[in-house]
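> If you use the working numbering, the sequence shown closes out at 1351, no skipped numbers anywhere.
For the record, the hints were derived by calculation from the structure and aren't laboratory data.
Certain hints may be false.
Claimed, not checked - In silico DSS-like pairs for lysine-lysine, Cα to Cα no more than 30 Å straight-line:
no. : residue 1 : residue 2
1   : Lys1178   : Lys1198
2   : Lys1178   : Lys1340
3   : Lys1178   : Lys1304
4   : Lys1324   : Lys1198
5   : Lys1219   : Lys1283
Unchecked claim - Label pairs and their calculated CB-CB ranges:
no. : residue 1 : residue 2 : range
6   : Ser1152   : Asn1247   : 30 to 36 Å
7   : Asp1200   : Glu1235   : 33 to 39 Å
8   : Asp1191   : Gln1132   : 28 to 34 Å
9   : Ser1152   : Lys1283   : 22 to 28 Å
10  : Asn1238   : Ser1148   : 34 to 40 Å
11  : Ala1154   : Glu1235   : 29 to 35 Å
12  : Ala1256   : Arg1342   : 39 to 45 Å
Idealized CB from N, CA, C, for every residue including glycine.
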Amino acid sequence: MDRNAFKLKYKMQQITKSITPATILLISILVLFSACKSSQHLEGVKTDVTTVPLEKIEKGLAEMALLHQIVDSTPRCHTFSSNFSANISMADFNQSVSGQIRMVYDSILWISVGKFGIEAIRILVSPDSLYILNKLDQSALIQDLSFVSKYLSGFKGLKHLQNILLGYPIAEIFNSSCDLLIENQNYTFAQNASALFPYRFSMTVDSATSQLEQWEVNNKLNQKASIQYTWLLDKFENILKNIQIETAFPLPVNVELNYTKTAINQTVKMPFTISNKMRRVSIGQLKK
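Taking the hints into account, I'd like the entire structure generated from these sequences.
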């Protein structure tokens, strides 16, 4: 065996040791649904958003009207691609991974996750299904996307997930009214627990750019989960570079995502093939 082949075999052994089926499930869910806020190179960011004067809107509807105006003023990309690095830690578990994320807005999401430069997991999300390929043990998970709602209250499908990944503000999760706090140039929209979403939550956006600044959720025990965004101004364009996720429930988890080489509205390739030789697995098997 030559030196390069030996190095490759050693790396694969290290990956196999560090990324178990349970770890694959954790990374997949965290990268998709909690870490799910990602980098973006915003083209044509609007900096002249005109807010609706609260006194001119019917009482009780002012906050929602302002929220919808901010959401409607947010530029939307057609395609998105970026490299990422992520560190995930919880209790005595710590894992660093890297990969790529690509998508066509409101159509498909593709994520590749690896370690030591070798791909371990490939994920595809369509409007109705979730596919996860484990390239280490040649297994494949195919799952109806509706299962996600069992784990994430308020999850509304692919477009909702992409909005989270792209840093777009979301109005659909709010009911017909919400509270509004105005501080400096930030607007924080908040709502108490409801049948739609059983936690108190808030969303903070920059009123000038419509950029998401923070999501925060509190449960009945006042345990907090938050997602914070760091945006950088580069050549007069705003780029989402870092996402920090901290949750106290259901388990204490910390996720940090960093994004590089982001491209918007360029051709993206999303290769994804499930071989007949791949072993089919279920969520229950991945948890073992």
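> Take the hints in turn and mark each one as holding or not.
Hints versus structure:
About 12 Å separates the Cα atoms of Lys1178 and Lys1198, which keeps this hinted pair within 30 Å; it holds. Taking the CA atoms of Lys1178 and Lys1340, the gap is about 24 Å. The hint holds against a cut of 30 Å. Between the alpha carbons of Lys1178 and Lys1304 the distance comes to roughly 20 Å, so the proposed pair stays at or under 30 Å and holds. Pair hint Lys1324 plus Lys1198 holds up; C-alpha atoms about 25 Å apart against a cutoff of 30 Å.
The suggested pairing of Lys1219 with Lys1283 holds, with an alpha-carbon distance near 23 Å, which does not exceed 30 Å. Between Ser1152 and Asn1247 the CB atoms are about 32 Å apart, so this pair conforms to the stated range of 30 to 36 Å. Take Asp1200 and Glu1235: their Cβ atoms lie about 38 Å apart, and the range 33 to 39 Å holds. Our hint of 28 to 34 Å for Asp1191 and Gln1132 holds, since their Cβ atoms are close to 31 Å apart.
Between Ser1152 and Lys1283 the C-beta distance comes to about 26 Å, which sits within the given range of 22 to 28 Å. The given range of 34 to 40 Å is respected by Asn1238 and Ser1148, whose C-beta atoms sit roughly 37 Å from each other. Between Ala1154 and Glu1235, the C-beta spacing of about 33 Å keeps the proposed range 29 to 35 Å intact. Remark: the range hint 39 to 45 Å for Ala1256 to Arg1342 is upheld by a beta-carbon distance near 41 Å.
Comparing the model with each numbered hint stated earlier shows that all of them hold.
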